[in-house]
Amino acid sequence: MREGEKPRTPKPPKTHRILPAILQRSRDFRHRLTPTETKIWKAVRGRQLGFKVRRQHPIDGFIVAFYCAEANRVIEMDGDSHGPRDQVDCDLAKTRWLEERGCRVIRPAAAQEVEVDLAGLVEGKRRLCEEMMGAKGTA
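When you line the sequence shown up against the working numbering, it's residues 3 to 141, in that order.
If you're looking for bench data, these hints aren't it; they were derived computationally from the structure.
Some clues are possibly wrong.
Derived DEER-like restraints, expressed as beta-carbon distance ranges [unchecked claim]: (1) 50 to 90: 27 to 37 Å; (2) 129 to 25: 16 to 26 Å; (3) 5 to 106: 46 to 56 Å; (4) 103 to 7: 37 to 47 Å; (5) 52 to 20: 43 to 53 Å.
Heads up, simulated EDC-like pairs for lysine to aspartate or glutamate below, C-alpha to C-alpha not over 16 Å straight-line [said to hold, decoys possible]: (6) 41 to 132; (7) 44 to 132; (8) 54 to 132; (9) 96 to 78.
The model shown is predicted, which means the values in this text are computed figures rather than measured ones.
We treat Cβ as the ideally placed atom computed from N, Cα and C, and that holds for glycine.
Input sequences plus hints: build the corresponding full structure.
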């Protein structure tokens, strides 16, 4: 320790840790976005909505496609872009789990919905985030 410096206090341990395997999977998924996810990412990255959006973000044991922590909003993908049909039950369980914890989940029905109305999806996401932030400000 140098003269005049205060002793460093150790950082408290993080109370919420992501399992290393989940963290690595989320990092891998960021490099393997589907074409639909890529279009959404280009529309929401860099605070284009006025909010920070993360892609392939781990939340406890789940990885969500897109997450806005400021407004507690999630965009998840369904349909052909997401995987096998047996994935539907897992997706519904994930949605219920997220909603029980206060997340609002936006789930386009299929890749075609994103292709047809990406601007509408993005605008809807922006409005939901603004509404949530307004509700936090008045609470």
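We went through each hint and held it up to the structure:
no. : hint                  : in the structure
1   : 50 to 90: 27 to 37 Å  : 30 Å, holds
2   : 129 to 25: 16 to 26 Å : 31 Å, violated
3   : 5 to 106: 46 to 56 Å  : 54 Å, holds
4   : 103 to 7: 37 to 47 Å  : 42 Å, holds
5   : 52 to 20: 43 to 53 Å  : 27 Å, violated
6   : 41 to 132             : 22 Å, violated
7   : 44 to 132             : 20 Å, violated
8   : 54 to 132             : 12 Å, holds
9   : 96 to 78              : 10 Å, holds
This entry does not satisfy hints 2, 5, 6, 7, going by the numbered hints stated previously.
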